[in-house]
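Undergrad: Our numbering numbers the first residue of the sequence shown as 1 and each following residue consecutively.
Since the hints were derived computationally from the structure, they do not count as laboratory data. These figures come from a predicted structure and were not determined experimentally. Errors might be hidden in some of the hints.
As a list, the in silico SDA-like pairs of lysine to any residue whose alpha-carbon atoms are at most 25 Å apart [to be verified]:
#1 Lys60 x Arg12
#2 Lys1 x Ser20
#3 Lys60 x Trp5
#4 Lys26 x Arg12
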Amino acid sequence: KKITWMTSHEIRRPLASILSLIGLMKNGSADDKEECLPMLYQSSEELDEIIRAVNKRINKAESLYSTNNSGHGFFPR
């Protein structure tokens, strides 16, 4: 449930920011573009951190599942 919530809510927030900033940069002035770049970088970093956290949770869940289920992975292969 936590992984589902993270992917549906936490990932969406920085992604929406990135898409909005790109829209502003496409239609804005040179000054707007310069102002958007740091925010775009920050949102990208935030998205990267969230994706890493999701991957960590998936790996942990897979490890716990395989330990409890005779070596079968969390996701069927």
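Undergrad: Now tell me, hint by hint, if it's right for this structure.
TA: Hint check results:
no.: 1; hint: Lys60 x Arg12; result: holds (23 Å)
no.: 2; hint: Lys1 x Ser20; result: violated (28 Å)
no.: 3; hint: Lys60 x Trp5; result: holds (16 Å)
no.: 4; hint: Lys26 x Arg12; result: holds (21 Å)
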